[in-house]
Amino acid sequence: MESTLKEQPASETQVDIRPPSSLWRDAWIRLSKNKMALMGLWFLILLILFALSAPIIASRTYAYDKQDLSMTSAPPSGRHWLGTDVLGRDLAIRILYGAQVSLAVGLAATIVAITIGVLYGSIAGFIGGKLDSMMMRFVDIMYSLPFTIFVILLMVFYGRKFVNLFLAIGAVEWLTMARVVRGQMLSLKRQEFVEAAFALGLRRRRIILRHIIPNMLGIIIIYATLSVPSIMLLEAFLSFLGLGIQPPMCSLGVLIEEGARNMEESPWMLVFPAAVFSLTLFSLNFLGDGLRDALDPRASKD
Amino acid sequence: MNPFLQIRELKTHFPISKGIIFQREVGKVKAVDGVNLELQQGEILGLVGESGCGKSTLGRSILHIIRPTSGQVLLDGVNLTLLEPEALRSARKDFQMIFQDPYATLNPRMTVYDTLAEAFRAHFKVKGNAIKAEVVQLLGKVGLPASALNKYPHEFSGGQRQRIAIARALAVKPKLIVADEPVSALDVSVQAQIINLLAKLCRELGLTLIFISHDLSVVKHIADRVAVMYLGKIVELGPAVTVVERPLMPYTKALVSAVPIPDPVLEKSRKRMLLTGDPPSPINPPSGCPFRTRCPYAIEKCAQVVPPLEDFGTQFAACIRIREIQGLESVGSSRAG
Amino acid sequence: MATPLLQVDDLAVSFHTRNGIVRAVRNISFQVNRGETLGIVGESGSGKSVCCYSLLRLLPMPPGRIESGKAIFDGSMDLLSASIRDLNKVRGKRISMIFQDPMTSLNPYLKVGQQIMEPLLIHGSTTKAAARAQAIEMLKSVGIHDGEQRMEAYPHQFSGGMRQRVMIAMALITKPDLLIADEPTTALDVTVQAQILELIKKMQGELGTAVIFISHDMGVVAGFCDRVNVMYAGKIVESAGTQKIFEEPQHPYNKALQKSIPSLQQKGKELFTIEGLPPDLAGDLRGCPFAPRCAYAVDYCRRDPVELLETRPGHYSACLRVQRKEITLQS
Ligand SMILES: Nc1ncnc2c1ncn2[C@@H]1O[C@H](COP(=O)(O)OP(=O)(O)OP(=O)(O)O)[C@@H](O)[C@H]1O
Ligand SMILES: Nc1ncnc2c1ncn2[C@@H]1O[C@H](COP(=O)(O)OP(=O)(O)OP(=O)(O)O)[C@@H](O)[C@H]1O
Ligand SMILES: [Mg+2]
Ligand SMILES: [Mg+2]
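Protein chains in written order, with the numbering used here: chain A, 1 to 302; chain B, 1 to 337; chain C, 1 to 331.
To be clear, the hints were calculated from the coordinates, so they are not data collected in a lab. Beta carbons are placed, not taken as given, at the ideal position from N, Cα and C, and that holds for glycine. Among the hints, erroneous ones may be present.
As the list claims (entries may be wrong) - Chain C stretches covered by chain B per the calculated footprint, using a threshold of three residues with CB under 8 angstroms from any CB of chain B:
hint, region
1, 82 to 89
2, 187 to 199
3, 217 to 226
4, 238 to 251
5, 292 to 304
6, 315 to 323
Stated by the list, open to error - Here are the computed lysine to aspartate or glutamate pairs in the EDC-like style, where the Cα-Cα straight-line distance is at most 16 angstroms:
hint, chain 1, residue 1, chain 2, residue 2
7, C, K175, C, E137
8, C, K267, B, D224
9, B, K271, C, E137
Same shape as in the complex, but just chain A (with noise of 0.2 angstroms):
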C-alpha cells in the first residue's frame, strides 16, 4: 500500500508564497495601527526635524546667544514669540537649541548605554557561573563609585567636550541596563524554546542574537524610553555643576532649571521649555509601548 502520509503535491510546492516576513515588517504593520504611538513618532520626528534646522531659523532671526538688551524678560510677542529671557534672547530659538542639545545628549548616550549594556548583560548572564559573577562584581564596584566624581575625572581628563558628555553619561547608564538584561537573560535562558535551540546544534551566538535578544527587546525598549528623560535632567543636573554644556550654549534642561528660578516673575521661561520636555518624554513613553506590543506577535489588547 502506497503511504498514506501525503506528500504535498507539486502544485503546492510551487504555488507563490508571500515572502517570509520578518519580525520587524510585521512589527512596523501592526506599530502603525496604534495611533498613540504613531503620534509619538511624529512628534519626535518634528523635534528633531525643527532642532536641526536651528542655525537655519537662527540665521533668519536671532542667534540663540543674541541679546536684546532693549527687551529683557519680555512676556511672549509679536517679535519674541515665546518671550526673552533675563538677558534678552529669544526663547523660541533657545529652546530649539537647547532640543538639539537634549536629544542629542539623550539618545547618544543612551545607544551607548544600551550597546554595552546589552552586550555585557547577555554575556554575564548567558554564560554564568564564575565569569558571571566576576562580571556582575565589576558592575557592583562601578556603581558604588560617585558618579560625580566619575565625570569630573572624565571631563578633567579628556577635555570639556561635548562628546565626552554623553560618553560619560551612557558610561555610567550601562550599568543599570547591564544588570536588567543580565536578569532577562537568566530567566529567558531557563526557557524551553532556548533549549530547543541549544539542541537543534546552533551556535551560541545565533542563540543569543535570534532567540534571546528579540525576546528581551520589550524591556529593553521601555529602559531605554525611560532612559531618554531621566538622561537629560543628568546632563541639567552636570551643566548647573558647571561640567556639563558650557553657556551660552544650553540645552531644554538648563532651560528649565532657569525658568525655575524665574518663575514668578516670567513663568513664561518655565513653561515652554516644560512643555516640549514633556511632550518629548510623553511622545517616547507612548511610542516605547507602541514598539514593545508591536514587537511581540502574541500582543493582544483587552
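Knowing the structure of chain A, use the given hints to seat chains B and C with the ligands on it.
Then chains B and C with the ligands, alone, in the frame of chain A:
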C-alpha cells in the same frame, strides 16, 4: 555488530537548594538513576512509565541537552560524554529531540518558516530558494499546508504546533531521535500519519528512535522493544508485544490494566488493578525495590535488596518475586492492550 | 428536563490575521446539563480549544473575534455578552478551565504554590494558611505527594505530567459548577490518568459538576463521557450518546477516526489514516467540509449546504447522504 547507541550507568540528579541568598543543597532529585540500554540501528524503543519517573530527563541526558551527572553515552562508537562543546554542537546534526511541550519549545517571535529554515541552516549550507522548497516539503510530510509558513506558533492549535516541532526535528535528517510524547496531542488520524511517517523513516533510512509515550497501544504498535521506567530506573525491558501482553513486573501489570479501551461497554465494565499508596518521592526514594511501597506482592525482603534487571528468557524484569508471583497467578492473569 | 447548565447557540469565532480571516468555529450549538460529561473529539485544529476559550472570553482579541452566538450559563447569564466584571465573578470560580498547554497558563516566574493558592485567595475569603493547606491537600489528590516541598518549586522544575496535574489542581480547587478540560490528561501515564478521572468523577457525584472534556484518546472518551460531539473544520458533524457514537457512527469522519485507533489494528502494518489534508479555514467552505477526503462523497456533497440534523432518536449527524438515508455506516 556493535550497538548503535550504548547507554552505560547513566545518572542525572538535580540538586534541590533552599534559601535565597545563601543557597545550600538540601537534597537531590534522582531523576535518572543508573540506566543501561543498547539500541541497534533502525530500532524503535518505546519508553513508558509513571509521570515524573524521569523519562524526559533520560531522553535529554542521552542527547546531552543536560549533562548527565555520571555515566556514558556512546553513539555510533563516539562517546558523547567526552566531546568538547563545539564538537558536540556539530554532532547534534545526528541526534535530535522532539520535545514534550511544543508551545514552550517554539520561539514565540519566530514564524514557522524562520524556525524550520534555521534548523536547516544550522547544519547545511543551502541557499534561500532551496531552503524554501525543503521547508514546504517538510511541512507536507507532517501534514501541514504551505500557508502555515508565515504564521507564529500562537496561531496554531495544539496538535499543529506539535507537528511543527516534529518537522523541526526531522529538518536536519538525524540518525537518532528521542521523541517525547510526539503524538499525544494529536487526533488519532493525524497520530496514525505521524506514526507511519516515523516508522517509515526507521525502516527506510535506518533512523533509530526512542519513543516516549503514555499510550501503551501506540507503543505496542510502533516499538520493537519496550522499556518500563519507575523512579529513575528501568524495571522491565523486552519485546513490545510480550511486555504489553504478558508483563512480569507488578508495576507494568498495573500499567497495562489501566489502559483505557475505546469501547464504551468494555471500558465501563472492565476491572483495573488499582495501585494503592502514594507514588514515592524521587527526593528520598524507598530503600530496596522502588515500587515496594505500592506493590500488592511486597514482602519484607523487598525493602532490603535493590532488585537487579534479571533475564527471564522472554524479557528482563527487576523484581525478586517474579517466579513466585507467576506461580500464584497461574492461569487467570489480567490481559489488556 | 430542567434548563441546561450551559446552552450555546450559533457560536461563531474567527481570527482576523494578516493572512486573511480564519473562521475557526462556524456556527455551532450545543448544551451541557448539570452533572453531565460532554466529550468533544475531532480533527486537530478543528476549533475545539477555540470554542472553549471563547466561552470564557479568553481568546486574544484582536485577532480573535466572536462573530455571533449566545452562551447562556445557568439559565441567566450570557457569557459572551456579560460585562467583564460579571464574567470575572464566574470565571475561575464557578467555571474553571484546564488548558491544553500547561506552560501557557503557568507563570514560569512564580512559584507553583503561589499559583495554586491564587484562585482561592482571589475568590474566597480564606486565610493564607488555610489556602496553603488546601493547596497541599489538592496536590495530594492529583498524585503529587511531596506537596510541601513542591510548593516552593518553579514550573520548569516539574515534569510535563506534573505541570498538567498542577493545572488540574488549580482548576479543581474552587469546586466549580462547570469544568472545561482541554486535553487534561495527555501528559499523564495511564495509572495517574485513571486516578485523575476518578477524582473528577467523585467531584461530579458529590457536587454535580458538569464537565466539557476535550480529548483525543478514544479510550478515555469511551469510559468517561456521557455524550460526545465530533468536530471537523469548525463544525459539529456528529453528536450523540457515547455508546451510539462508537457503535453506530452516523458520519464518515467519525467512522474513519475510529478506524485509525491503533489498538484495534494489527502490529507491523501501516496504520489506517484519512487521506488528504483538512481544509484551510481561511475563507468560505462550500458543501460538506469533509467531502474532499470522504470515501462516500458524491457531487452534491461538495455543493449543498450541510446542517446538523437528527437522523435517529437522540443522534445528530451532518452528513447529507446519511440524512437522505443513502448510506449506512455500521460495520
Ligand atoms: N491566534 C490565532 N490566530 C490565528 N489562527 C488561530 C489562532 N488560534 C487558533 N487559530 C486557528 O484556529 C483553528 C482552531 O484551533 P484550535 O486550537 O481550536 O484547535 P483544536 O481543535 O483545539 O486542535 P488541537 O486538537 O490540535 O488542539 C486552527 O486551525 C488554528 O490554526
Ligand atoms: N530542571 C529541573 N530541576 C529540578 N528537578 C527537575 C528538573 N527537571 C526535572 N526535574 C524532576 O525530575 C523528575 C523527573 O522528571 P521528568 O521530566 O524526566 O519526568 P517524566 O518521566 O518525563 O514525566 P512526565 O511523563 O510527566 O513528562 C521529576 O520529579 C521532576 O520534578
Ligand atoms: Mg516528560
Ligand atoms: Mg486544542
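Outcome of the hint check:
Evaluation of the coverage hint for the region 82 to 89 of chain C: breached, as 0 residues show C-beta separations to chain B shorter than 8 angstroms, against a requirement of three. Judged by the Cβ-Cβ criterion of 8 angstroms, the region 187 to 199 of chain C is covered by chain B as claimed, because 8 of its residues qualify and three suffice. Remark: the region 217 to 226 of chain C is confirmed as covered by chain B, as 7 of its residues place a Cβ nearer than 8 angstroms to a Cβ of that chain, reaching the required three. Beta-carbon proximity to chain B at under 8 angstroms applies to 4 residues in the region 238 to 251 of chain C; the threshold of 3 is reached and the given coverage holds.
Against chain B, the region 292 to 304 of chain C contributes 0 residues with a C-beta closer than 8 angstroms to a partner C-beta. That does not satisfy the three-residue criterion, and the hint is violated. As drawn, the region 315 to 323 of chain C meets chain B at 0 residues by the rule of a beta-carbon pair under 8 angstroms; below three, the given contact is violated. The hinted pair formed by C:K175 and C:E137 meets the criterion: a straight-line CA distance of about 14 angstroms does not exceed 16 angstroms. Distance check on the hinted pair: C:K267 and B:D224 sit about 10 angstroms apart at the alpha-carbon level, within 16 angstroms; holds.
A hinted pair counts as satisfied when its Cα atoms are at most 16 angstroms apart, and B:K271 with C:E137 does not qualify at roughly 28 angstroms.
In summary, the numbered hints that this structure violates are 1, 5, 6 and 9.
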